[in-house]
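Starting from two chains that each stand alone, build the complex the way the hints lay out.
Here the protein sequences line up with chains A and B, keeping their order. So for the first sequence, UniProt numbering puts the first residue at 1; every next one is plus one. So for the second sequence, UniProt numbering puts the first residue at 1; every next one is plus one.
Take these hints with a grain of salt, some might be off.
In silico lysine-lysine, DSS-like type, Cα no more than 27 Å apart, as pairs [stated by the list, open to error]:
no., chain 1, residue 1, chain 2, residue 2
1, A, 67, A, 124
2, B, 197, A, 39
3, A, 388, B, 143
4, B, 11, A, 331
5, B, 197, A, 381
6, B, 193, A, 331
7, A, 114, A, 407
8, A, 388, B, 291
9, B, 291, A, 368
Partial selection, computed: residues in chain B whose CB lies under 8 Å from chain A [claimed, not checked]:
no., residue
10, 19
11, 27
12, 100
13, 214
14, 238
Hints in this document: simulated from the structure, not taken from any laboratory. Keep in mind the model is a prediction, meaning the values are calculated, not measured. Beta carbons: idealized from backbone N, C-alpha and C, even for Gly.
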Amino acid sequence: MAVHRKVIFEKQWFYLDNAIGHIYGTTFEVSSGGSLQPKEKMEETTTDTKEAGTDNRNIVDDGKSQKLTHDDIKALKDKGIKGQEIVQQLIENSTTFRGKTEFAQDKYIKKKKKKYEAVITIVKPSTRILSTMYYAREPGKINHLRYDTLAQMLTLGNIRAGNKMIVMETCAGLVLGAIMERMGGYGSIIQMYPGGGPVRAATSCFGFPEFFFNTLYEFPLSKVDSLVSGTFSSETLPSEPEYNVPVEEERNGSLDEKQTLTQETEEESSTEAVVESNETEEQETMDLAAEDTEYKETKEKGNKENIREKQRKQQERRRKLVETAALLEEKNADGLIVASRFHPTPLLLSLLEFVAPSRPFVVYCQYKEPLLECYTKLREKGGVINLKLSETWLRNYQVLPDRSHPKLTMSGGGGYLLSGITVTAEKVQSDASSLEGQKMEEPTSKKRKLQELHC
Amino acid sequence: MSFVQYGDTIKDGDTAIVFLGHESMFPVKVQHGSKTQTKYGVIRHSTDLIGKRYGSKVTCSKGGWVFILHPTPELWTMNLPHRTQILYSTDISLITMMLELKPGSIVCESGTGSGSLSHAIIRTVAPTGHLYTVEFHQQRAEKAKEEFQEHKVEHLVTVKNQDVCKNGFGVSNVADAVFLDIPSPWEAIGHAKSALKIEGGRICSFSPCIEQVQRTCLAMEEHGFTEINTLEILLRVYNVRTISLQIPDLGKAAEDNSSTGFDSSNQSNQGSLFGILQQGTAQFKSGVPLKEMVGHTGYLTFATKSLF
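Okay, chain B solo, but in the shape it has when bound (with noise of 0.2 Å):
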């Protein structure tokens, strides 16, 4: 297994996905000699996990069982420790399609935070790309490197452990995209720009604030990029549901059948048009939106450096 390519079965040392139910899954690292505790009982690494098939149900000590899943960036945006608000999958994927990111794609981004987006732009660039990024805080920085390593993807990133604002990406004119998710992008636009090459690539900022986004896009104008674009992308989730409406009761019609529509002495009519489950009542498929929905995560802006 490594975050850039498949493997088949589980072996010693993966990360692999335990998933229990309904969005309910936890990352866990294989070992040999090691369990792993969940409600459904307890998984012994040796004999549950090495050498199944990633996609195995396993069956626990209690009687419940789970599935092992392959990861993938997403599933470890989705579990992973948080050490910083983190990036979702919705605007990551945004953000490497508009940054044009993919094999030998060459990117540089600040701040590392918790390596959500570090480790979709990895596996996005590789095998020969490369992920310059740079983390000022020296314990998330550390903590980042010894997650690329576990993942085998170290072969892939540099980390460095410096203020972006002030020391930039620590390479000069060899990026194809730089991504800024920090406090003060428009001070780091500057150093974004000698980062990039010299024939042009594309720049993304991420701020949750309009004001940063105002100050960020005049330093970007400033600066000579060009095609300045902000947006924002929210995701909307449905769940599917069968619901059952009641029909009212409009009590029984006149002699004269001249009215139409929910007579409920009209019950075959009804049955043909809404498969009636019960008398009295219409079933149908839906796709329910949740109660509450995700209403803001910051705003992107795009531009690109071209040499005029």
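Extracted from the complex, chain A is given alone in its bound form (with noise of 0.2 Å):
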């Protein structure tokens, strides 16, 4: 959190420096002139039977019931004058309220608060609070996971302390961040990332502690293929000595907003984009943020000691590389979460080769069909069972006395998971594995067998 820096939310704006200091939870109330003011629990004036209508046959919605003018408003706001005023004089402006009935009224009256009543609070950061805020803000940057789908991952995948996890992920690391918290720094986690570096806005978003970071690892998707081969080598690192380490300056715990909107207009076309590479529009993001680092440092520091330095990361950037190799082909990861923008179906082969046996693997993807190849080439491959596809619907509710129904909107679609269990990987014959295939399926009914296939 920045000093004296403009906020702007939902129409509201304000400057967060009064809130330092309060607890997380903390309810505040915006000023004129932007400032906060911690808002004193107030009772709820009780309304005694008032006035109100039966129903809406005599109302005539002719857009001239308030007679209050928008110059009037903004008089009232200039002077300062409360929310809850406001409100108020809304009310006994309004010709047609008193013949409104009392749920009517209700609704008018909480929605001319929300408008006029500038309250806000401030919260920990969360997985909960993180994801329900990407959803719905931000889906394109996490190819449209919605939230309930994440939680669902994080069980079927039995996350929990002292994993050693490995994570593909292109949700601006999101599904990152909410993994780490669920392992609470425990255990390790290596995020396979494709192009220069792995991104990471949102994970800087949930202020974890150093420590949490120093058992998080990475890895070139573009070695992959040489690790499983057995012709790995830390020679050529994914990008030029101007790589920088991957975007996680950040780590004070907050919005960052300045720098996380720059990064992420710049992602921003690249991750709407259902092309193939991308890598180098990312390269460049990290490229511009590296080098305003690097220009301060080397405006400072004179060419030579700079050129040490450089030459000093890169030695230990490729002694971190080989170390996460050396855990890689160790083969007994507890697990995989995948959840990107890329065909899940060549990720999983391969990275299925680092996980251990009897482990749980989680893979996301928005659209149904890529998971209905990835379950037929899982089950050409064997060494997998108790593959499952499925999603989630999700319906809100509104509770209210005498007003209790699911609410209007309801979203379309949360993406979809393929999950299942790894068991020991054995060279069968095509016969026996399209056995075990069989006694994988559910046995179909006498009727379809006509027109369907095994898989």
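The structure is reproduced here in structure tokens:
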């Protein structure tokens, strides 16, 4: 949180300065001038049996029922009148208010309060909050992964303290952050990344303590093939010497809006496009940020030291790469989570090599069809059981006395999951594997046999 | 092995999961000298299980084979002995995330029931958290205690045999989260509030009936809970199948070839479009929904306790 910076949120603007020092969960009121004042818990003014109508047969919506004009309301706001008072004024100046039913009056008041009572609550970040936020505001950045689907992944994957996890995601680091939260800093995570480096914009929003990152490793996808075939070498790193540390500079735990915004706008085009190589775009973004910090350093330290520094960094990166490769080569990971914009099949087929037997894996895809193919290829390959393709439906409800019902809009889709459990991979002959495959499938009814074929 | 940590090899005293095939599995208590009957024959623990790697294939006496899996709360939920209706992983997943559970969390739960959610919570809060679970049925409370011991997680959980509506959870101002799955949750909201930390925490109530939800939401509001939110989550499962559909015979076209579409004389076109298996059929892969799906488990109501 930077000092004296304007924050704009939902048409409200304010300064965060006064919030520092308060406990998470504190509710503030935005007073004129944009400063935050802690809100006193006020008793709701008990509305005695007020005048109300029975139905809306006589209420005509001609847009003229509110006597206060835009300018009147603006004048009230400028005078510094509190939101509550403005709402009261609106009610008194509405010709139709008294004729509304009690429920309609309730609804009206709630709506006006939301608009004019500038109250904000500052909450501690968590997977719950960040995943709902990202889904509501930036679903494109997270491949439209709805928060309940993410919740399923974390549970199906048995994510917990002490695991050694392999993660491949292109969800701005949200999935990585969720996994880190559930691991509490215990165990280790190896993040596979495409292109020059992993994007961890969302991860930094969780506010994890430093030590959480000591057991977080990263490994380039471009080296996976060589690792699997045993021809891995650390000589060629995936980008030029300008390659910088994965974007996790702001670890102070809050939405450093300016910086995240610039990164995100530059990435926007790459995440939205459903095309192959976005690597160059990401690399550029990384380089830009790197050059920024590196430029300052060059000015101050001078050339010789700079070169030494770069060499040292390169050696350190190489060392870490070798260390991470060794971790992967142990082939004893406790699970695999995939949630990316890439086709899942090649990712799964190669990354499952590094997972121990009897461990869960979960793959997320925005679309169902790639997972159908993935399922088929996994059946052919063998070494997995309990394969399940699923999605979840989520419905929100309004619960009020005599007014309970599902809410008006519902999310159309939150993506699909393919989950399973690894078993000891045996090189079986083709007929044996088809037998295995049959065992894994449920028996179909006789009727359908004519038209269906087992995969 | 333990429900909160992976082990590589099967040991005496472990609880393992025997996997026979599609959605057919059961738990087994591994013991020297024991034998387990399956439809594929006998599994002798001493020779077939102990010392073997989890995930191994085990051939049974009749020649058929099974896989032995490391237990997880999710596998346990699918295979545990029911003493009550249980919560399944779909609801459990959402509860875990919305209550913000993580290592170190202190959680209060009632009722314990068959321990399905309990095992999942214990897994998530380990190694530094704790679960206080309350069950008013004496035998169920006993059975739960036994199971936690067998599964080597007793250090992470405290089972209390009492009525949460009358006597609360037995702890005050320590919990990060409270979960209620009881017939009259509105009677326990006050106790839930006092069990939660002073700085605040999260609460969840699970109820099958909307009337229960209404009363609970009201009680939450009266006790000063905020962010009250009710939702439900349903699981849709798809079977992956290769489907063949017959192409209808629409007869032969007239001499002018102005018609398009499924002209049976245009076999080659169709071939390139659909990958014909045999003449007159088109084949494709599909995610076919099951004939029936779970339509309702319960409504989940979440809320926040805050200082204000």
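To see whether the hints hold, each was checked on the structure:
About 42 Å separates the Cα atoms of residue 67/A and residue 124/A, which puts this hinted pair outside 27 Å; it is violated. For the given pair, residue 197/B sits about 21 Å from residue 39/A by alpha-carbon distance, which is consistent with the 27 Å threshold. The suggested pairing of residue 388/A with residue 143/B is violated, with an alpha-carbon distance near 31 Å, which exceeds 27 Å. Note on residue 11/B and residue 331/A: the hinted pairing holds, with a Cα-Cα distance of about 22 Å set against a maximum of 27 Å.
Restraint check for residue 197/B and residue 381/A: not satisfied, since their Cα atoms lie roughly 51 Å apart, outside the 27 Å limit. Our distance criterion of 27 Å between C-alpha atoms is broken by residue 193/B and residue 331/A, whose separation comes to about 46 Å. Taken as a hint, the residue 114/A and residue 407/A pair is honoured in the structure, with Cα atoms around 18 Å apart against an allowance of 27 Å. The straight-line distance between the Cα atoms of residue 388/A and residue 291/B is roughly 16 Å, inside the 27 Å bound, and the hint therefore holds.
The hinted pair formed by residue 291/B and residue 368/A meets the criterion: a straight-line CA distance of about 19 Å does not exceed 27 Å. Hint on residue 19/B holds. Least Cβ distance to chain A is approximately 6 Å, under the 8 Å limit. Checking residue 27/B against chain A: minimum C-beta separation of about 14 Å lies over 8 Å; hint violated. Because the closest C-beta pair between residue 100/B and chain A is about 5 Å apart, less than 8 Å, the hint holds.
Hint status for residue 214/B relative to chain A: holds, with the closest Cβ pair at about 6 Å, below 8 Å. For the restraint placing residue 238/B at the interface with chain A, the shortest Cβ-Cβ distance is roughly 4 Å, inside the 8 Å limit, so the hint holds.
In the structure shown, a violation is registered for the earlier hints numbered 1, 3, 5, 6 and 11, in ascending order.
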